[in-house]
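Novice: Listed here are the chains, written in short residue letters.
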Amino acid sequence: MTAATDVDRQAPSTPTRPVARTWSRDAVETQVFRVLRRVVIAFLLVITLFPFYYMVLLSLRPLNEVVQDPGALWVGPSEVILDSYDSVLAGADEGGQGFLQFMRNSGVVAFSTVALTLLVAIPGAYAVSRLQFFGRRQISGLFLAVYLFPSILLAVPLFVFFTRIGLRGSLVGLLIVYVSQIVAVSIYMLRNYFDTIPVSLEEAAAIDGCSRIGIMRRISLPLALPAIMANALFVFMIAWNEFLFALLFLVEERSRWTVSLGLSQLAGSIEIPTTVLMAGSVFVTLPIIIIFFASERLLTEGLTAGAEKG
Amino acid sequence: MSQQLTDVSGAPPPPLPDQPAGRPTRRGSGRRARAEARAGLTLISPTLVIVVVMVVLPILWTVSLAFQNIRLLNISTAGVFGSYSFDNFEGILTSGGFWVSLRTTLIYSVLGTASAIGLGLVAALALRSAFRGRTFVRAAMLLPYVAPVVAVTYVWTTMLSPQFGVVNYWGERLLGWDNPIAFLSQRSDQVSLFGISVSLPTALLTVIAFEAWRSFPFAFLFLTARLAAAPETLEEAARVDGATPTQRFRYIVLPQLLPTIAVLSVLRFIWTFNSFDDIYLLTGGGAGTDVISVRVFNALVARGDIGAASAQALVLAVILAGMVVLYLKRFARQEEQA
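Read top to bottom, the protein sequences are chains A and B.
314 is the number of the first residue of the first sequence in the numbering used here; add one for each residue after it.
-6 is the number of the first residue of the second sequence in the numbering used here; add one for each residue after it.
Calculated directly from the structure, the hints in this document are not laboratory data.
Note that the structure is predicted; figures quoted are calculated from it, not measured.
Even glycine gets a Cβ: it sits at the ideal position worked out from N, Cα and C.
You may find that some hints are simply not true.
Partial selection, computed: residues in chain B whose CB lies under 7 angstroms from chain A [claimed, not checked]:
{"no.": "1", "residue": "VAL142"}
{"no.": "2", "residue": "ASP270"}
{"no.": "3", "residue": "ILE299"}
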């Protein structure tokens, strides 16, 4: 009551106040932040995009020009040469760097990782999300621990183990390692999505005489398809980008190098021109960028779903 | 409604997924529960087998290896039953290199985590209100995080090269640098600012900057999601009450973001503390950037000293686990007080 009357009493004096406070702290801050915001956005765009722009730029210029004029930020359409791309893709016997072979290896490993991971993770995620069984919580905890676990600690025993059984140097060994490390996070992401699908849908199918497998195949899987797609892309990106285990397992076998490993190994050599390796970098990055822009929304949701506390 | 219909036998409805385990089984649902448990274990077992065989057992084996004197050369004779000793740990903990490396790892993780989250917060706030092209800018922000680490480290090394790097070229012309800066191969550099000369660890700061650049999108993503969920009415009310933008941030927005920032800090710290790729590819662990994970790798691959590598990896994991537990305990206590 009293508050209301206070407002009534003050009301006549308010119209004059905004005029008197034109340069109030509020107005100054608002103006400053309006400018600052644009500066920050421009700055962020430069730092995120410039390295990628520079990568493409160098891959299109001849080496001697890069050395003569390292500061050039533009290449005229007439000066563009694609020699670097030819050289990086050609096989080693043709005097190139053999990136085509590396990309094939990476593709095989990444696609197989996706297929195997999903094959194992989808039933697992469904079980963790939907079914009551002994040790369910402990298993979820174990998977979270694996997700956060330092891969460098695993590198030592796996390196020793695969050396001993003779699988080091084979893509199969690498594949097994990738699946075992990714499956936990994959289950974690998928489980969060299964949790959001209403149980009543499955129950309705059960009444209609659907078996457990039938429910999974006809109800849960189609509903979870967006999440499964996001998960597949996420797994593909991890497998394609992976470096440490590829280095540990494959470094002695040039014909089996993945594209990341190939780039890192050739980067140390002085004989290979920077421009050629920049073309290589473009080939490493391009599939990821294409996947990313094609599925950005799907993927951001998937990423946040995976790491969010479940 | 569907729940009542489900159970023809009149037994209680099947458990909802959100119900905690250990729910007392009531009469009539025992067989169903057993069947469900069987199905659950069947579906999860392939994953479980893979994880146990390829992750859990190897970790236990690391513990065993850390107490043995094994080299890559005599690996074929190594087994579970060897001669166990503390030699590896003694060798590590008494060598000065390990402690220097631990200090470097800590500085790298703390500063890398803090700057990545800071930059992510700035980005999330700057891109909060809608403008034309925001979708594109947001997507661009995520590029450093999704791009292959080998490619981006290669571009960074080229850009920062003292001979023909674009950064040094423009730094000398626009910023008036006297000499090109060897960002990735120089241990420290004297920088005089306002007449005071300080020594900065050049290479270490560069890899920290790289870490901030590469992982700020992760923080940006989470903080953006959290900001989108923050109710606008609160800020609107504060604005009506005359709170300035900084005040609104300090007293309305930031408190809502703090739990997210806390989770991000733990996650980023864990990952930065263990990260190997970035530093190995940028500096190879030279010029004062010798973090423990790179030492583990060198012990394993360059020297073939499996015992020392396992012991260092183990020490790394124990320190990390200790710090995370401490942090969580403190954090949990603060939550209770609040």
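Novice: Against each hint, give a clear statement of whether it holds in the structure.
Specialist: Going through the hints against the structure:
| no. | hint | result |
| --- | --- | --- |
| 1 | VAL142 | 6 angstroms, holds |
| 2 | ASP270 | 5 angstroms, holds |
| 3 | ILE299 | 6 angstroms, holds |
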